[in-house]
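Engineer: Position chain B against the provided structure of chain A, taking the given hints into account.
2 protein chains.
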Amino acid sequence: MNILVQKYGGSSLSSADKIKAIAKKISKRFEEYEKMIIVVSAMGKTTDELTNLAKEISDSKNPREMDMLLTTGEQITASLMSIALSDLGLKAKSINAHHAGITTNESYTKAIIQDFDKNKIEKHLKDNDILVLTGFQGVTDDGDYTTLGRGGSDTSAVAVASIFNTDCEIYSDFPGIYTVDPKEYPKAKKISVISYDEMLEMSKLGAKVLHSRAVELAKKYKTKIYCGASFSDEKGSVIMDVGFEAPVVTGLSLDDNQIQVNVLNLPNNYKFVNDIFESASKYNINIDMISIIYHEKSIDMSFSVVDESIEEVKNYLDKYTSEHDRITVEYKDKLTKLSIVGLGMKKEKGVAYRFFSRLNSIPIKLVTTSEIKISCLIEEKYKEKAVKELTEEFEL
Amino acid sequence: MNILVQKYGGSSLSSADKIKAIAKKISKRFEEYEKMIIVVSAMGKTTDELTNLAKEISDSKNPREMDMLLTTGEQITASLMSIALSDLGLKAKSINAHHAGITTNESYTKAIIQDFDKNKIEKHLKDNDILVLTGFQGVTDDGDYTTLGRGGSDTSAVAVASIFNTDCEIYSDFPGIYTVDPKEYPKAKKISVISYDEMLEMSKLGAKVLHSRAVELAKKYKTKIYCGASFSDEKGSVIMDVGFEAPVVTGLSLDDNQIQVNVLNLPNNYKFVNDIFESASKYNINIDMISIIYHEKSIDMSFSVVDESIEEVKNYLDKYTSEHDRITVEYKDKLTKLSIVGLGMKKEKGVAYRFFSRLNSIPIKLVTTSEIKISCLIEEKYKEKAVKELTEEFEL
Chain A
12 MNILVQKYGG SSLSSADKIK AIAKKISKRF EEYEKMIIVV SAMGKTTDEL
62 TNLAKEISDS KNPREMDMLL TTGEQITASL MSIALSDLGL KAKSINAHHA
112 GITTNESYTK AIIQDFDKNK IEKHLKDNDI LVLTGFQGVT DDGDYTTLGR
162 GGSDTSAVAV ASIFNTDCEI YSDFPGIYTV DPKEYPKAKK ISVISYDEML
212 EMSKLGAKVL HSRAVELAKK YKTKIYCGAS FSDEKGSVIM DVGFEAPVVT
262 GLSLDDNQIQ VNVLNLPNNY KFVNDIFESA SKYNINIDMI SIIYHEKSID
312 MSFSVVDESI EEVKNYLDKY TSEHDRITVE YKDKLTKLSI VGLGMKKEKG
362 VAYRFFSRLN SIPIKLVTTS EIKISCLIEE KYKEKAVKEL TEEFEL
Chain B
12 MNILVQKYGG SSLSSADKIK AIAKKISKRF EEYEKMIIVV SAMGKTTDEL
62 TNLAKEISDS KNPREMDMLL TTGEQITASL MSIALSDLGL KAKSINAHHA
112 GITTNESYTK AIIQDFDKNK IEKHLKDNDI LVLTGFQGVT DDGDYTTLGR
162 GGSDTSAVAV ASIFNTDCEI YSDFPGIYTV DPKEYPKAKK ISVISYDEML
212 EMSKLGAKVL HSRAVELAKK YKTKIYCGAS FSDEKGSVIM DVGFEAPVVT
262 GLSLDDNQIQ VNVLNLPNNY KFVNDIFESA SKYNINIDMI SIIYHEKSID
312 MSFSVVDESI EEVKNYLDKY TSEHDRITVE YKDKLTKLSI VGLGMKKEKG
362 VAYRFFSRLN SIPIKLVTTS EIKISCLIEE KYKEKAVKEL TEEFEL
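Order-wise, the sequence lines are chains A and B. Position in the first sequence (from 1) plus 11 gives the number in my numbering. Position in the second sequence (from 1) plus 11 gives the number in my numbering.
Watch out, some of these pointers could steer you wrong.
Unchecked claim - Pairwise CB distance ranges (calculated):
1) K325(B) <-> L99(A): 23 to 31 Å
2) K325(B) <-> K235(A): 49 to 57 Å
3) D286(A) <-> L99(B): 29 to 37 Å
4) E245(B) <-> D59(A): 32 to 40 Å
5) L99(A) <-> K246(B): 37 to 45 Å
6) E341(A) <-> D153(B): 29 to 37 Å
7) D128(B) <-> L99(A): 35 to 43 Å
The set of hints was computed from the structure by calculation and includes no laboratory data. Where a beta carbon is used, it is the ideal one built from N, C-alpha and C, also for glycine.
Next up, chain A with everything else stripped away, as it sits in the complex:
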């Protein structure tokens, strides 16, 4: 079956007029395909508005109910888009995660897709040209509604493209993927092709164009992703298996609101380190950069978390340190994570040297590296200077 999957972000669908405009764009594209599946996000600021309404009622988040609440956002867009497509003479039908058989685990507000029922979708496709699928959501085995976390619609789109073994086009206000965030650094260049691994590092590191889980999924199933602008014909960026020589450093990304947590003087017993990781996982705290140093009689740990997790981290560590009075904990906020990513790093020597020597006037709090990435934590006030130095050094 000649089928195309497209995903449209919320700001491209924020009004009736925009929905109608996107419907026209889809109908033109449909001329080339037998079937299409359109994945939609909630209109404009709907998710934020619903979240605020819930906050007005209670500060205590009830994740199961938050997901029941938030899933309505995409359902509204999906039905309106289906109405718009029908108005253009297409056979369209909106379906939600329940109709599509997208089952997830029970991690409400950040659920993981466990299964995607291709047969169910094929059944809906049989009598329709175009299905409009609610992004961002799934159902548990018990039928409860779940959401996949911020940006989860990208993951929904790649998932459906993967099971149909077809391409996925992701449209938003961004006309593609840039070497650095073009909002903050207008000299940024657009990347025409980028590998899954590079994009993965970039999106994990704060390049907001794509949800990193979407890229992971695309990598796993070799699904080609095209990222383009909803309302322009400007050529976008393609994420795919890259066979040719890649530049040493493809991009630079920044992630603000990082907090560094130092846990010092842990007894020299790996059980204590394990305790901390286990609890972090249990409380769904996203520990990012990690550095562990083993002394003869003690262990020092340093890791980074984002602002929103800090209360949970503090609650846990306060309790932990009160039981073990040798251990001390320090927090350092207003930090930015700065990373450079590039497949070429694998082969090219001296990238780390160039990175650190350019940043020699900036105090670095924490460093982690992978085969194709170097990340460091710096104070936010040094951000601009660091970007200037690195974009010059690596011609970004």
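Structural biologist: Frame of chain A; chain B shown alone:
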């Protein structure tokens, strides 16, 4: 199980503060019960807003998609109410028609409940004190979302009370049921107890307090309904089996925007009359008052429809008359249906005489009667005078 069902209307739930206030009211009431099921409508004007959004996109209504769209309204309220109840320390859970197993036929936008899965609801009740159920909606056997038509949340509430064989409390901005609409006639009296049949006639006839299908269902299952004000302790009205002597006339109701359709000179063959009724049913046109007069060689029909059906009626009749050129059709708009209802009419003689003699200065367009009701169609301009005469005559 000691269980209570309550339903709250949309204007009682139009803000976060109102939802919190209602949650407090529920939590107080919960002290008397083991379990509660709260049926909620969409917040404030949500349904109208969503409908308008769809209209901005397309004039052609797509009923399946409209229901997919509108069901989100109640889901938003249900989850927010559940969050508010949880915040008060209650074990609450929101469920929608799918979770509750409320199956309907496929008459999108005006679906009829076909089954209500008590087991499913009991399963949800097991681990929770209070379930918050989305009113107004169901699912087809295929899992498509349907709505029960305007006011359908009343029907949802009575349905769930009926299967649990318990009472149903319906809260809205109205503090109960009045002899005449108190907004237009401030001298109206509140009715403390009214029978199902009387209420049925009243609600069918435009008394907007209760959805008539809800009353029909309550009558069938002998479910006691209490109608009261959401934000006041003023005593409301009870709808139940009335055993004692009822007043001759309990209430008067009015229904504006009626259109009279006269189909004259039909061939004297019942097939033609049948054709018209059959088509009306097929196009979902709600024909209300009907009068048919058989002449020797022809049949004259007169019936009333509401404004919103008139285009469909005209389309059908234009086609019909063009095929049968003897037949003529007349339309008369801006009419009001005025009715008096009372169980006591069954025994008391002369009610019709008193009704018509009081209205002798007003031209009457059409009359229908039942055992406990007299209805007539008059021009809207005579409405006020007619109400004045009849409230005096029957002490309403």
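Engineer: Next step is simple, just say for each hint if it's right about the structure.
Structural biologist: A quick look at each hint next to the structure:
1. K325(B) <-> L99(A): 23 to 31 Å: holds (28 Å)
2. K325(B) <-> K235(A): 49 to 57 Å: holds (54 Å)
3. D286(A) <-> L99(B): 29 to 37 Å: Holds: the Cβ-Cβ distance is about 35 Å, inside 29 to 37 Å.
4. E245(B) <-> D59(A): 32 to 40 Å: Taking Cβ atoms as reference, E245(B) and D59(A) lie about 39 Å apart, which means the hint holds.
5. L99(A) <-> K246(B): 37 to 45 Å: At 55 Å between Cβs, range violated.
6. E341(A) <-> D153(B): 29 to 37 Å: violated (58 Å)
7. D128(B) <-> L99(A): 35 to 43 Å: holds (38 Å)
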